[in-house]
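*Asks:* The listed protein sequences correspond, in order, to chains C and V.
Sequential numbering of the first sequence, starting at 1, is according to this note's numbering.
Sequential numbering of the second sequence, starting at 1001, is according to this note's numbering.
If you're looking for bench data, these hints aren't it; they were derived computationally from the structure.
Computed from a prediction, not measured in an experiment: that's the story for all the values here.
Treat the hints with care, as some may be off.
[To be verified] List time: in silico DSSO-like cross-link candidates among lysine-lysine, alpha-carbon distance up to 30 Å:
1. Lys1007(V) with Lys110(C)
2. Lys74(C) with Lys1206(V)
3. Lys126(C) with Lys1010(V)
4. Lys119(C) with Lys1207(V)
5. Lys1204(V) with Lys61(C)
6. Lys319(C) with Lys330(C)
7. Lys82(C) with Lys1207(V)
8. Lys1204(V) with Lys341(C)
9. Lys393(C) with Lys332(C)
10. Lys1115(V) with Lys341(C)
11. Lys110(C) with Lys1006(V)
12. Lys111(C) with Lys1006(V)
13. Lys1204(V) with Lys119(C)
14. Lys126(C) with Lys1204(V)
15. Lys341(C) with Lys1206(V)
[Claimed, not checked] Not close to chain V: a few residues of chain C, all C-beta gaps over 10 Å, as computed:
16. Asp67
17. Lys341
18. Lys372
19. Arg442
Beta carbons are placed, not taken as given, at the ideal position from N, Cα and C, and that holds for glycine.
Each chain, written out:
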Amino acid sequence: MKDTKTILLGKNLSKEFNGNVVLEDVSIECREGSAIAIVGENGAGKSTLMNLISGGLSPSKGSIEMDGKEIRFKSPVEAGEKGIAFVHQELSLMEEMTVGENIMLGREPKKGPFLDQKKLHRQAEKVLADIGYEIDVNRMVCELSPAQCQITEIAKAWSSHPRIVIFDEPTSRLNKAESRILFDFIRRILEEKVSVIMISHRMDDIYQTCNEVLILKDGRFVFHSPLDQTNEEMLISKMVGRDFKNVYPERRKTKDDKIKISLRNASVGSTVTDVSIDVPEGTVVGIGGLEGQGQRELSRALFGLTPFTAGDYMIDGKKVAIHSPADALKHKIAFVPEDRKSEGLCLDLSVRENILSMVLKDNSKAGFVEKKKEEKAVEEGIRELNIKVSNPKMKVSNLSGGNQQKIVFSKWIKTKPEILYLNEPTRGVDVQSKLEIYSLIRELTKTGVSVVIFTSDMLELIGLSDEIYVMYEGQISGHIAGAEATEEKIMQFSAKSPRSEAERRKEA
Amino acid sequence: MTGSVKKQVKQAVPSMVVLIAMILIASLVSPTFRNAYNIRNIAAQAAVLAVVAVAQCKVLLIGGIDMSVSSIISFGTIMVAMFSQDTAGQVIFSILLAVGAGALTGLVNGIGVVKFGIPAMIITISTQAFLKGICLILMPSGGGSVNTGFSSFMRSRIGVLNVSIILAILIYVIVFAVLHYTRFGRNIYAIGNGEVYAEQSGIKTKKNIVLIYVLSGAIAGIAGVFLSVRISTGNPLVGDSYAMDSVAAAVVGGISMNGGVGSVIGAFFGAFILTLINNIMNNMGISPYYQYIAKGIILVASLMIFQIKRKEMK
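Given the sequences, and given the hints that come with them, work out the whole structure.
*Replies:* Listed below in structure tokens is the structure:
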């Protein structure tokens, strides 16, 4: 492996912001046909390192060499021109343009002074086919599913024929089959001497595609090795800095008979049909299934963001009508949304303001804010959830995913909820924060909070839930106790609906 | 038409339907409306608004707004009225002054937005005020005269249409082609959809935005020249209503105030709809004050309707 040609070499890179060192003396070597996994907790400096080598930031110390010559990128665009493509975790697509137009944006083929739309869409189609996906290139991006958006984003990066491709959590929106296609593609481009860097919290991503691993912790280099000399446990313990055992907190031993939430034949338009669910008080009920089977719509309807079009929604045995988040709050419901950046947080406000955003009333008297009470509430919130922040006045947008998610939890816990709906609560969150969030969820159930968790992370679903419902095409296709659940059982439910089962029987 | 072009052009369909319905109903109800003189009058009035709406439309597409068009138009009428009296050379000189002043104002607007991060609404209202002051100093009340040869050329007819409306249509054809079929046009939509992402995709957003404001100003200058021919004089206040009317025409024509959605054809239909409303109300003898109210209602209603429609689509 060592004898392949080096494309890019980052030597002793450091980065500081206003005296705050976020990356110190880290080196990275991208060689032709090699894939490096960058692993580490939140705040470990992974994103900073990637931004340094892709032109988003310039290093405070150290140098970058490309093909043996020292180089300084003024912008990501310049790095892109030199062959470095970055598939960001956040999508950057134009909603009002087609898939093809997005893929070819800034590189449109021309016929005379005009764009050649036909050729453009043909070229885009070819890029997608190269990768191994099929999406109609003439569809508008605003009509796509999150997975299709992610794929379009990857195609956009690949269309520039890069020599180095950086993937940041590329499978967070993809299901297993889609991820497998991506892995095949990555292995293919490695053979074509492209260099790949992969940031991922999913071990599967790493072991499927990479051949070396670089572990960072607190902005410093920890470990570098060929991947085949490692195993998952070892990586996790190295990045957490302690032994990694028993990820999931213990399940409840006793089962409460009191049903807290109950749905009867509930529907949301045509995306969720005839769903019946019971959530016993103080338990975690997991809702799983493949992506896009109506989970998102169901979670939003439970919180009053979209209306149920049929069926009954009962809390404590009484029918409720929840038409808005305000109604939901009245019923002591809290909601951690799927997309924390657009739905869960005010990114431009401070940690302090976000934590307090739900409880302004509790911390004010006659309309005036009580400063001291607020300070105490913020201090408590930060301590309880172990949020890593030097100053509560810091903007939330400067924090890592894990810390941001903890703030979302903190702000909702302040409302003292009895019901907690969680939608993909650990997406894009590092291992350490994941563990903390898991034990937090369990602690909450001990105080009587009933939790419904919507997750596409199979291990999380099985590890955390007391009871599991699986959704398929908007319906519940299976219901199992958490302790008895296995990946295989859930996959079986995920791939067939009760209806099709019945139909099949009828046909036979 | 392929890809997003089709969808953008579709945004103009409601305005086209409304316009056709208005023309049919007005022709059935009112003999004065059917009169050839009245129809040519509408076309000439609409030509000016339509040209301003093109300028406005491009700025709205990148998520901005240009309120300075009103003073640029007034300034344009003054340039033509002051400098075009005798020779063809003077006519050209005065047009260059009108267009150049517009472009320069646009440059200031664009730099204000891009370099200083001033909201488009604020910077364009400021340059509007500045230029209005210049207009009032140059020509405190209306006056001057427009070169008669130039004026009769603009009013002469080729077939049923007069030259000014033909020129307006020509501007639309060019802008349509640029918006939908060139990289510059694609960049405009990309910026309107998300400036940061456009920048990431290698588009020089700042340069493009400044260029849009410059073009907007220049086209508003052309509209000023058209208007001077219609009113045969220069006037420091005659352009005032066009800032709001051009936004209204674009919005009625399906262009989103949030940027990135709509086609310039819609602005064309929108300009005709607004002009027709004025014309019909004039013919019915309704006071101009009520016409403001009518315009306000139409603007608010169409903003609301398009906003609801777009929400539903999401």
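*Asks:* Run every hint past the structure and note whether it holds.
*Replies:* Hints, one by one, checked against the model:
no. : hint                      : in the structure
1   : Lys1007(V) with Lys110(C) : holds, 21 Å
2   : Lys74(C) with Lys1206(V)  : holds, 16 Å
3   : Lys126(C) with Lys1010(V) : holds, 28 Å
4   : Lys119(C) with Lys1207(V) : holds, 27 Å
5   : Lys1204(V) with Lys61(C)  : holds, 29 Å
6   : Lys319(C) with Lys330(C)  : holds, 14 Å
7   : Lys82(C) with Lys1207(V)  : holds, 22 Å
8   : Lys1204(V) with Lys341(C) : holds, 26 Å
9   : Lys393(C) with Lys332(C)  : holds, 28 Å
10  : Lys1115(V) with Lys341(C) : holds, 27 Å
11  : Lys110(C) with Lys1006(V) : holds, 19 Å
12  : Lys111(C) with Lys1006(V) : holds, 19 Å
13  : Lys1204(V) with Lys119(C) : holds, 23 Å
14  : Lys126(C) with Lys1204(V) : holds, 27 Å
15  : Lys341(C) with Lys1206(V) : holds, 26 Å
16  : Asp67                     : holds, 21 Å
17  : Lys341                    : holds, 13 Å
18  : Lys372                    : holds, 37 Å
19  : Arg442                    : holds, 36 Å
No hint from the list above goes unmet by this structure.
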